[in-house]
Structures are given as structure tokens and as C-alpha cells.
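Peer 1: Modelling step: build the complete structure from the supplied sequences, incorporating the hints.
Top to bottom, those sequences are chains X and R.
Quick note on my numbering: the first sequence kicks off at 63 and runs consecutively.
Quick note on my numbering: the second sequence kicks off at 55 and runs consecutively.
Since the hints were derived computationally from the structure, they do not count as laboratory data.
Since this is a predicted model, take the numbers as computed values, not measurements.
There are no misleading hints in this set.
Below, simulated DSSO-like cross-link-like pairs (lysine-lysine); rule was C-alpha separation at most 30 Å, straight line:
{"id": "1", "chain 1": "X", "residue 1": "Lys98", "chain 2": "X", "residue 2": "Lys160"}
{"id": "2", "chain 1": "R", "residue 1": "Lys119", "chain 2": "X", "residue 2": "Lys160"}
{"id": "3", "chain 1": "R", "residue 1": "Lys125", "chain 2": "X", "residue 2": "Lys98"}
{"id": "4", "chain 1": "X", "residue 1": "Lys118", "chain 2": "X", "residue 2": "Lys130"}
One-sided excerpt, in silico: chain R residues whose CB lies under 10 Å from chain X:
{"id": "5", "residue": "Arg98"}
{"id": "6", "residue": "Tyr102"}
{"id": "7", "residue": "Asp110"}
Glycine residues also receive a C-beta, built at the ideal position from the N, C-alpha and C atoms.
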Amino acid sequence: GEDVEQSLFLSVREGDSSVINCTYTDSSSTYLYWYKQEPGAGLQLLTYIFSNMDMKQDQRLTVLLNKKDKHLSLRIADTQTGDSAIYFCAERDSSASKIIFGSGTRLSIRP
Amino acid sequence: EAQVTQNPRYLITVTGKKLTVTCSQNMNHEYMSWYRQDPGLGLRQIYYSMNVEVTDKGDVPEGYKVSRKEKRNFPLILESPSPNQTSLYFCASSATGGGSYEQYFGPGTRLTVT
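Peer 2: Here is the structure:
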């Protein structure tokens, strides 16, 4: 079945760029998402990319999609302490009925 | 304010005692879904509903029931809870008429079954 994989942890220095990677298996995915979960809260959509796009930029966030390799990445420029959170990659299948989430990457910021 | 609400936020119960977690959204969304979040496993979908009176199993439906009698409400029912259902539960909703299908999440319900 469909699967979405992410590494569990990432630690970066404040001010550096963070790159969170994700791989997925469903080649019919229509939308791919990045959600952010802060401690004690629900998930909040950060950004998304449609499957016919290669890149999307939104302020400090850059999403890159390599459809051939089924690889998605989220780059956060100038990482701040407020970016500490768990980041989930997710894909929506072509029927639009299900979203499959990865296990989440916990981003921690070093001073 | 557009939101998804869940109640209760925290619940400690005993094995076998039926419970219901309520979920309500005020955005007139057709699609609603329940997830459970466990460490290292991410979010796993329990049940989803594409519209009123239409529900389908997700990846981990065993031990759960849902109903969708009204568009705004999508309660999650545990008829006979067991300790392996101790988890953090999220309800979510989204529109289905096109666009990004962004899901809006509730704040979560932390359930402990002893």
C-alpha cells in the first residue's frame, strides 16, 4: 500500500537552513503537504504542492518535488527557535479520499 | 472563527467502558476524518467520511465506530476500549470541491485506557 517515510529527528543551528526530506510510494498522488505540529497542538498546514509542480516558494519555505524519485523536501531558511516542532509530510491519493502521513520529523534548534 | 473542536481534550478510562469523543466543525466541510497519533508512527487514519451518511474505514479501524448523521459532527465511539487504544486522537475536516483539500485539525484528545 501507500507509504510515506521521513527521518525522525533533525537538529540545526539557529540561523542555518533546515532541510526535511520525505519519500512516498504512491505515484498517483495529486497533492503533497507539509504540516507543522507544535507541542500540545494539532497539525497546521504549512504549505502544499500540486503534483505537476517542481518547486514552490513561500517566504522562508521552499518545497521541492522530484516526482521521478518520489522525493519531497521542505527547506526552512534562517531557522528560528519558533520553528521547533514536528513536521509531517503527507500525500493525498488520486481519489482524494485519503491522506497518508509520514511519521513526522522532530526539528530542534541549537543556539 | 473557523475551527474544529473536540471533546474531551483529556480522558482517562478503564478497559471495557464505552466512550465517545465528539468532533464538530463550523466550516461546512464535506470531508471529516479521525486519526490516532502514536510515537514513531505518525498519524494513522481510523475512519473518514466523504459526506453525511457516508463513512469508510481507514488504515486502523478495529475497535472503533463512527457516525455521520449531520454534516458538522463526526463522533468517534469506542464500544469496549482496551489499553492499546491509549493514544492521541485528532479529528480533521476539509472541503472536497477542488483546490488543495487542506485539512483543518482539532486540538487533539489524549486518551488513556487502564
